[in-house]
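Construct the entire structure; sequences and hints are all you get.
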Amino acid sequence: MTALVLLPGVYRPQADTRLLAQALKAEPIAPGSRVLEVGTGSGALALLAAARGAAVTAVDVSWPAVRTARLNAYRARLPVRVELADAATCAPSRRFDLVVSNPPYVPARSSRGSGPAVAWDAGADGRAVVDRICARAARLLRPGGVLLLVHSALCGAATTVAKLRAQGLAARIVLRADVPWGPVLSSRRSWLHERGLAPVTATREKLVVIRAERP
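Residue 59 is where the sequence shown starts when you use our numbering, and the numbers rise one by one after that.
Please keep in mind that the hints were generated in silico from the structure rather than gathered at the bench. Every residue, glycine too, gets a C-beta built ideally from N, C-alpha and C. There's no promise every hint is true.
[Stated by the list, open to error] Label-pair restraints from in silico Cβ distances:
#1 E271 <-> V242: 18 to 24 Å
#2 P86 <-> V63: 38 to 44 Å
#3 P86 <-> G240: 30 to 36 Å
#4 A260 <-> P86: 35 to 41 Å
#5 S172 <-> R253: 16 to 22 Å
Below is the structure:
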(Lines of atoms letter the chains of each structure in order from A and count residues from 1; the text may use other names and numbers.)
(Lines give C-alpha, C1' and ligand atoms only; values in the text may rest on other atoms or scores of the structure.)
Protein backbone atom coordinates (compact mmCIF):
# COMPACT_ATOMS: atom_id res chain seq x y z
CA MET A 1 0.00 0.00 0.00
CA THR A 2 1.02 3.65 -0.52
CA ALA A 3 2.72 5.28 2.46
CA LEU A 4 0.06 6.94 4.60
CA VAL A 5 0.05 9.75 7.11
CA LEU A 6 -1.46 8.70 10.46
CA LEU A 7 -2.66 11.25 12.97
CA PRO A 8 -2.45 10.22 16.65
CA GLY A 9 -5.05 7.65 17.66
CA VAL A 10 -5.84 6.43 14.13
CA TYR A 11 -5.75 2.70 13.35
CA ARG A 12 -2.66 1.67 11.42
CA PRO A 13 -3.38 -0.68 8.48
CA GLN A 14 -2.51 -4.22 9.53
CA ALA A 15 -3.12 -7.81 8.43
CA ASP A 16 -6.91 -7.38 8.32
CA THR A 17 -6.59 -4.30 6.10
CA ARG A 18 -4.20 -6.13 3.78
CA LEU A 19 -6.54 -9.14 3.53
CA LEU A 20 -9.50 -6.90 2.69
CA ALA A 21 -7.35 -5.06 0.13
CA GLN A 22 -6.65 -8.41 -1.52
CA ALA A 23 -10.38 -9.07 -1.83
CA LEU A 24 -10.99 -5.53 -3.09
CA LYS A 25 -8.40 -5.92 -5.83
CA ALA A 26 -10.23 -9.04 -7.06
CA GLU A 27 -13.50 -7.13 -7.57
CA PRO A 28 -14.23 -5.55 -10.97
CA ILE A 29 -14.52 -1.81 -10.45
CA ALA A 30 -15.64 0.16 -13.49
CA PRO A 31 -14.82 3.88 -13.70
CA GLY A 32 -17.53 5.77 -11.88
CA SER A 33 -18.62 2.81 -9.75
CA ARG A 34 -20.01 4.00 -6.43
CA VAL A 35 -18.00 2.65 -3.49
CA LEU A 36 -18.57 3.11 0.25
CA GLU A 37 -16.01 2.34 2.94
CA VAL A 38 -17.44 2.02 6.44
CA GLY A 39 -14.84 2.66 9.14
CA THR A 40 -12.18 4.11 6.89
CA GLY A 41 -9.48 4.80 9.47
CA SER A 42 -6.45 5.93 7.48
CA GLY A 43 -8.39 5.80 4.21
CA ALA A 44 -6.19 3.06 2.76
CA LEU A 45 -8.98 1.03 1.16
CA ALA A 46 -10.89 4.09 -0.03
CA LEU A 47 -7.74 5.22 -1.85
CA LEU A 48 -7.35 1.81 -3.52
CA ALA A 49 -10.85 2.05 -4.91
CA ALA A 50 -10.48 5.69 -5.94
CA ALA A 51 -7.23 4.91 -7.77
CA ARG A 52 -9.25 2.54 -9.97
CA GLY A 53 -11.67 5.29 -10.94
CA ALA A 54 -14.45 4.67 -8.43
CA ALA A 55 -16.52 7.46 -6.91
CA VAL A 56 -15.72 6.80 -3.25
CA THR A 57 -17.42 7.83 -0.04
CA ALA A 58 -15.60 6.94 3.19
CA VAL A 59 -17.07 7.25 6.69
CA ASP A 60 -15.76 6.90 10.23
CA VAL A 61 -17.03 7.70 13.75
CA SER A 62 -13.68 9.21 14.72
CA TRP A 63 -12.78 12.79 13.83
CA PRO A 64 -9.03 11.99 13.83
CA ALA A 65 -9.74 9.21 11.31
CA VAL A 66 -11.86 11.53 9.15
CA ARG A 67 -9.08 14.12 9.14
CA THR A 68 -6.47 11.46 8.39
CA ALA A 69 -8.40 10.00 5.46
CA ARG A 70 -8.99 13.47 4.04
CA LEU A 71 -5.30 14.27 4.35
CA ASN A 72 -4.24 11.03 2.67
CA ALA A 73 -6.72 11.57 -0.17
CA TYR A 74 -5.35 15.10 -0.65
CA ARG A 75 -1.76 13.84 -0.69
CA ALA A 76 -2.65 11.12 -3.20
CA ARG A 77 -4.67 13.61 -5.30
CA LEU A 78 -7.66 11.29 -5.28
CA PRO A 79 -11.26 12.53 -4.96
CA VAL A 80 -12.55 10.70 -1.87
CA ARG A 81 -15.55 12.10 0.00
CA VAL A 82 -14.93 11.55 3.73
CA GLU A 83 -17.74 11.95 6.27
CA LEU A 84 -18.22 11.60 10.03
CA ALA A 85 -20.83 8.85 10.35
CA ASP A 86 -21.33 5.34 11.73
CA ALA A 87 -22.47 2.03 10.30
CA ALA A 88 -26.06 2.47 11.48
CA THR A 89 -26.71 5.90 9.95
CA CYS A 90 -24.26 6.51 7.08
CA ALA A 91 -25.48 7.20 3.53
CA PRO A 92 -29.20 6.96 4.41
CA SER A 93 -30.49 7.57 0.88
CA ARG A 94 -27.60 6.33 -1.25
CA ARG A 95 -26.90 2.95 -2.88
CA PHE A 96 -23.51 1.59 -3.86
CA ASP A 97 -21.94 -0.88 -6.25
CA LEU A 98 -19.43 -1.92 -3.59
CA VAL A 99 -19.29 -1.53 0.19
CA VAL A 100 -16.10 -2.42 2.05
CA SER A 101 -15.59 -2.47 5.79
CA ASN A 102 -12.97 -3.37 8.36
CA PRO A 103 -15.11 -2.61 11.42
CA PRO A 104 -14.27 -2.88 15.12
CA TYR A 105 -14.59 -6.59 15.98
CA VAL A 106 -12.46 -7.34 19.06
CA PRO A 107 -14.49 -8.68 22.01
CA ALA A 108 -14.33 -6.19 24.87
CA ARG A 109 -15.85 -5.56 28.27
CA SER A 110 -17.30 -2.25 27.07
CA SER A 111 -19.98 -1.98 24.39
CA ARG A 112 -18.00 0.67 22.54
CA GLY A 113 -14.36 1.71 22.69
CA SER A 114 -13.08 5.17 23.43
CA GLY A 115 -10.02 6.97 22.13
CA PRO A 116 -7.93 4.73 19.86
CA ALA A 117 -9.90 1.67 21.05
CA VAL A 118 -12.94 2.88 19.10
CA ALA A 119 -11.19 1.27 16.11
CA TRP A 120 -11.29 -2.24 17.61
CA ASP A 121 -13.50 -2.63 20.72
CA ALA A 122 -16.92 -4.07 19.77
CA GLY A 123 -18.78 -5.35 22.82
CA ALA A 124 -18.75 -8.64 24.66
CA ASP A 125 -19.07 -10.79 21.54
CA GLY A 126 -17.23 -8.49 19.11
CA ARG A 127 -20.36 -8.02 17.00
CA ALA A 128 -21.63 -4.57 18.04
CA VAL A 129 -20.68 -2.97 14.71
CA VAL A 130 -20.63 -6.11 12.53
CA ASP A 131 -24.33 -6.68 13.28
CA ARG A 132 -25.20 -3.10 12.30
CA ILE A 133 -23.47 -3.60 8.97
CA CYS A 134 -25.26 -6.90 8.40
CA ALA A 135 -28.62 -5.25 9.13
CA ARG A 136 -28.02 -2.41 6.65
CA ALA A 137 -26.09 -4.17 3.90
CA ALA A 138 -29.01 -4.91 1.57
CA ARG A 139 -30.22 -1.29 1.79
CA LEU A 140 -26.77 0.09 1.02
CA LEU A 141 -26.28 -2.02 -2.12
CA ARG A 142 -27.63 -1.57 -5.61
CA PRO A 143 -28.88 -4.73 -7.37
CA GLY A 144 -25.72 -6.66 -8.19
CA GLY A 145 -23.80 -4.70 -5.55
CA VAL A 146 -21.25 -6.40 -3.30
CA LEU A 147 -20.28 -6.11 0.37
CA LEU A 148 -16.75 -7.07 1.44
CA LEU A 149 -16.42 -7.40 5.21
CA VAL A 150 -13.38 -8.53 7.20
CA HIS A 151 -13.37 -9.62 10.82
CA SER A 152 -11.95 -12.15 13.24
CA ALA A 153 -13.36 -15.66 13.49
CA LEU A 154 -13.57 -14.91 17.23
CA CYS A 155 -16.82 -13.04 16.63
CA GLY A 156 -18.43 -15.72 14.48
CA ALA A 157 -17.99 -15.90 10.71
CA ALA A 158 -20.90 -18.34 10.36
CA THR A 159 -23.16 -15.91 12.24
CA THR A 160 -22.23 -13.10 9.86
CA VAL A 161 -22.89 -15.24 6.78
CA ALA A 162 -26.27 -16.31 8.20
CA LYS A 163 -27.32 -12.74 9.01
CA LEU A 164 -26.38 -11.52 5.53
CA ARG A 165 -28.26 -14.40 3.90
CA ALA A 166 -31.27 -13.52 6.02
CA GLN A 167 -31.18 -10.09 4.33
CA GLY A 168 -31.47 -11.81 0.95
CA LEU A 169 -27.78 -11.58 0.05
CA ALA A 170 -25.64 -14.36 -1.42
CA ALA A 171 -22.91 -14.52 1.23
CA ARG A 172 -19.81 -16.67 1.66
CA ILE A 173 -16.27 -16.57 3.00
CA VAL A 174 -13.85 -15.80 0.17
CA LEU A 175 -10.52 -15.30 1.99
CA ARG A 176 -8.93 -16.51 5.21
CA ALA A 177 -5.70 -15.71 7.01
CA ASP A 178 -4.03 -16.95 10.17
CA VAL A 179 -2.06 -14.23 11.96
CA PRO A 180 -0.31 -13.84 15.33
CA TRP A 181 -2.23 -12.23 18.15
CA GLY A 182 -1.41 -8.58 18.60
CA PRO A 183 -1.08 -6.72 21.90
CA VAL A 184 -4.83 -6.06 22.26
CA LEU A 185 -5.89 -9.71 22.13
CA SER A 186 -2.86 -10.81 24.14
CA SER A 187 -3.80 -8.41 26.94
CA ARG A 188 -7.29 -10.01 27.09
CA ARG A 189 -6.21 -13.63 27.03
CA SER A 190 -7.66 -14.61 30.42
CA TRP A 191 -10.95 -12.77 29.80
CA LEU A 192 -11.39 -14.31 26.35
CA HIS A 193 -10.75 -17.75 27.83
CA GLU A 194 -13.26 -17.12 30.62
CA ARG A 195 -15.90 -16.22 28.03
CA GLY A 196 -15.16 -19.35 26.00
CA LEU A 197 -13.98 -17.34 23.00
CA ALA A 198 -10.42 -18.66 22.84
CA PRO A 199 -8.24 -21.34 24.44
CA VAL A 200 -5.91 -20.04 27.13
CA THR A 201 -2.97 -21.21 24.98
CA ALA A 202 -4.12 -19.40 21.82
CA THR A 203 -1.49 -17.29 20.09
CA ARG A 204 -2.96 -16.88 16.60
CA GLU A 205 -6.09 -15.28 15.20
CA LYS A 206 -8.10 -16.41 12.17
CA LEU A 207 -9.32 -13.61 9.91
CA VAL A 208 -12.02 -13.96 7.28
CA VAL A 209 -13.30 -11.83 4.42
CA ILE A 210 -17.00 -12.34 3.71
CA ARG A 211 -18.40 -11.42 0.32
CA ALA A 212 -22.14 -10.77 0.06
CA GLU A 213 -23.86 -9.90 -3.21
CA ARG A 214 -27.33 -8.45 -3.64
CA PRO A 215 -29.30 -10.23 -6.40
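Checked against the structure, which of the hints given earlier come out wrong? 1 and 2
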